[in-house]
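Each protein sequence line maps, in turn, to chains A and E.
Reading the first sequence from the start, the letters are residues 6 to 157 in this note's numbering.
Reading the second sequence from the start, the letters are residues 18 to 418 in this note's numbering.
Treat each hint with caution, since some may be false.
Keeping only pairs whose Cα atoms sit at most 27 Å apart, straight-line, the calculated DSS-like set for lysine-lysine is [what the hints assert, rightly or not]:
#1 E:K95 <-> A:K125
#2 E:K376 <-> A:K115
#3 A:K115 <-> A:K125
#4 E:K417 <-> A:K115
#5 E:K226 <-> A:K125
#6 E:K404 <-> A:K122
#7 A:K122 <-> E:K316
#8 A:K125 <-> E:K303
#9 E:K80 <-> A:K115
#10 E:K404 <-> A:K125
#11 E:K97 <-> E:K376
#12 E:K80 <-> A:K125
If you want the footprint, here are the derived chain A segments under chain E, 3+ residues with CB under 8 Å [stated by the list, open to error]:
#13 107-120
#14 127-138
Facing chain A, according to a computed beta carbon distance under 7 Å, are these residues of chain E, among others [what the hints assert, rightly or not]:
#15 L69
#16 N71
#17 P74
#18 F77
#19 Q135
#20 V137
#21 S138
#22 L312
Treat the hints as calculated values from the structure; they're not laboratory data.
Fair warning: this is a prediction, and the values are worked out from it, not measured in the lab.
For each residue, glycine too, the CB sits at the ideal point set by N, CA and C.
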Amino acid sequence: MLLSKNSALESKDNEIFEVEESIAIQSELIKTMTTMVNSKAYVNERNQMVPEARCRKQANYHVEQNNKIVDEELSDWESKFFEVDMDDLHELFMAANYLEIESLLNGVTKRVGDFIKACKNVEVIRQTFGINNDFAAQQEEEIRKLNSWNHI
Amino acid sequence: MERVYHSIVSTRINYVTAQNCNNLKMAEEQKKEEEVAIHGDVLETILSYVPLINLLPACFVSKTWNAAVSSSLSRFNKPKPWLLVHTQSIRRPHATAFFAYDPRSDIWLRINQKQPPQHVSPLRSSNSTLLHVLHPSNFSFSIDPFYLTWHHVNPPAVWRLDPIVAMVGPRIVVAGGACNFEDDPLAVEIYDISTRTWERTESMPATLKDSASSTWLSIAANTRVVFMMEQSTGVTHSFNPDSKTWYGPFDLRPDRSIYFSVITCVGGNLIMLGLLGDAEDVNYVKVWELNGESLEFGKEIGVMPTELVEKLKGEGTSLNSVRVSCMGGFFYIYNPWEPGELVALEVGEEGWCRWGSLKNAAVGDRSRVAERVVLTCSDVGLGEIAKLVGSGNEIFTLLKS
Numbered sequence: 006m007l008l009s010k011n012s013a014l015e016s017k018d019n020e021i022f023e024v025e026e027s028i029a030i031q032s033e034l035i036k037t038m039t040t041m042v043n044s045k046a047y048v049n050e051r052n053q054m055v056p057e058a059r060c061r062k063q064a065n066y067h068v069e070q071n072n073k074i075v076d077e078e079l080s081d082w083e084s085k086f087f088e089v090d091m092d093d094l095h096e097l098f099m100a101a102n103y104l105e106i107e108s109l110l111n112g113v114t115k116r117v118g119d120f121i122k123a124c125k126n127v128e129v130i131r132q133t134f135g136i137n138n139d140f141a142a143q144q145e146e147e148i149r150k151l152n153s154w155n156h157i
Numbered sequence: 018m019e020r021v022y023h024s025i026v027s028t029r030i031n032y033v034t035a036q037n038c039n040n041l042k043m044a045e046e047q048k049k050e051e052e053v054a055i056h057g058d059v060l061e062t063i064l065s066y067v068p069l070i071n072l073l074p075a076c077f078v079s080k081t082w083n084a085a086v087s088s089s090l091s092r093f094n095k096p097k098p099w100l101l102v103h104t105q106s107i108r109r110p111h112a113t114a115f116f117a118y119d120p121r122s123d124i125w126l127r128i129n130q131k132q133p134p135q136h137v138s139p140l141r142s143s144n145s146t147l148l149h150v151l152h153p154s155n156f157s158f159s160i161d162p163f164y165l166t167w168h169h170v171n172p173p174a175v176w177r178l179d180p181i182v183a184m185v186g187p188r189i190v191v192a193g194g195a196c197n198f199e200d201d202p203l204a205v206e207i208y209d210i211s212t213r214t215w216e217r218t219e220s221m222p223a224t225l226k227d228s229a230s231s232t233w234l235s236i237a238a239n240t241r242v243v244f245m246m247e248q249s250t251g252v253t254h255s256f257n258p259d260s261k262t263w264y265g266p267f268d269l270r271p272d273r274s275i276y277f278s279v280i281t282c283v284g285g286n287l288i289m290l291g292l293l294g295d296a297e298d299v300n301y302v303k304v305w306e307l308n309g310e311s312l313e314f315g316k317e318i319g320v321m322p323t324e325l326v327e328k329l330k331g332e333g334t335s336l337n338s339v340r341v342s343c344m345g346g347f348f349y350i351y352n353p354w355e356p357g358e359l360v361a362l363e364v365g366e367e368g369w370c371r372w373g374s375l376k377n378a379a380v381g382d383r384s385r386v387a388e389r390v391v392l393t394c395s396d397v398g399l400g401e402i403a404k405l406v407g408s409g410n411e412i413f414t415l416l417k418s
């Protein structure tokens, strides 16, 4: 009888999640660490703490992803999963980035792309992403002239 | 059950040094690290998902974003030539609609322009970029990517219905398509854009007298020469408006079983697309490359997959003719009797081929017979988008896929 391997992941908030190993290794980071532990060469890496909420989201994402085999169902589910506001997206992005989960990262970047697409003008983008305008007034004017853009 | 126990614990390498700093500073550093700003490759990847038509505001956000847009466009998802589709009702007042397709993001737009006055006459294009309208009292043409600027000039001296009109460098060559009452059906006139003058020149070769119009001839032009191929026979001539010399006839078909062929220019080469077999039972649709100077046969570029040939046929069983519009390595092929289905072909520099199918969003379920459909292609970058957006409010509408 094949025993399925489970990984227990501890988050920053000391909560432990049990996840099937095949799902856990979708994270490149965890995969690397598993390999290292197995070969008894555990190295104390510089790690960031992963808050509990993020970890839970990872686990959920993968469990659901593996459950939904039908393409249409998957894309429907994915659009709902990513229908969150910018702050949540940011969390998801950081977690995906840190844990190095490619599929999650792709989903997040596409969704952020959609956000930008929906922004009507420059100010909205700056507000949504919290970016400061570091153009000197003259530089901005130059760019506009170079490209004769009036309605931005 | 085996447990592999991991501990994701915070251990900063500079923990010891950080300990020596005051708490406030540590909190700040922590916050900065937490707020991994979206920049670099991640920002560029995100931008690669934003359609070109929506990418303008991003250029003005900040210096970083401005650079990221340029970098993303050159590294991750380059701009690709757009397909532009004009439809024109054959009934008065000949309402026109204008649609555009961006293959980079696979999106269709409807461009909401006020109907230009010249559009009460038939809108045509006989090679891939130039749009024109010929009226007894004037000749209007446009060559910019979104046809925002129209030039209105005197008409050619000879009255024509469906001439060949090709842009060759700084000149427009107008040939054939003469009205029945005209003396010379092979008359050729050249319009010089810089001097704004017409010149009558060497007529078309006599062998073309029964096919001297855009109905029978396929046109390809580069900056020096215009090529004209009889679609049913493949017999080709070329004309140099500089030297005012005609060349040919040339037989360019590499295969006897081709029953219909069209040509187009890409860079210095001539691309030929041919239908093999016969109209009721088309065997293949193939694409070849020929040398633009010597007209020597180069190579076969590709063969259209059978399921796409079936799409071109549409509801009918025959494929009598096709039209092609192209720019760069992008080709859009359609059956003028079933314009709703487009076949797209992308040819890479290394010679690879990618075939695809695309629904023409400009052609709706309403009676297609009552509409003229004109396809052209343009190179569209951010500058062109800027001009389009700057030309009016609500100038475009994104169509839902």
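A quick look at each hint next to the structure:
no., hint, verdict
1, E:K95 <-> A:K125, "holds, 23 Å"
2, E:K376 <-> A:K115, "holds, 24 Å"
3, A:K115 <-> A:K125, "holds, 18 Å"
4, E:K417 <-> A:K115, "holds, 17 Å"
5, E:K226 <-> A:K125, "violated, 56 Å"
6, E:K404 <-> A:K122, "holds, 19 Å"
7, A:K122 <-> E:K316, "violated, 42 Å"
8, A:K125 <-> E:K303, "violated, 44 Å"
9, E:K80 <-> A:K115, "holds, 23 Å"
10, E:K404 <-> A:K125, "holds, 17 Å"
11, E:K97 <-> E:K376, "holds, 18 Å"
12, E:K80 <-> A:K125, "holds, 19 Å"
13, 107-120, "holds (count 5)"
14, 127-138, "holds (count 8)"
15, L69, "violated, 11 Å"
16, N71, "holds, 4 Å"
17, P74, "holds, 5 Å"
18, F77, "holds, 4 Å"
19, Q135, "violated, 25 Å"
20, V137, "violated, 30 Å"
21, S138, "violated, 31 Å"
22, L312, "violated, 41 Å"
Checked against the numbered hints above, the structure violates hints 5, 7, 8, 15, 19, 20, 21, 22; every other hint is satisfied.
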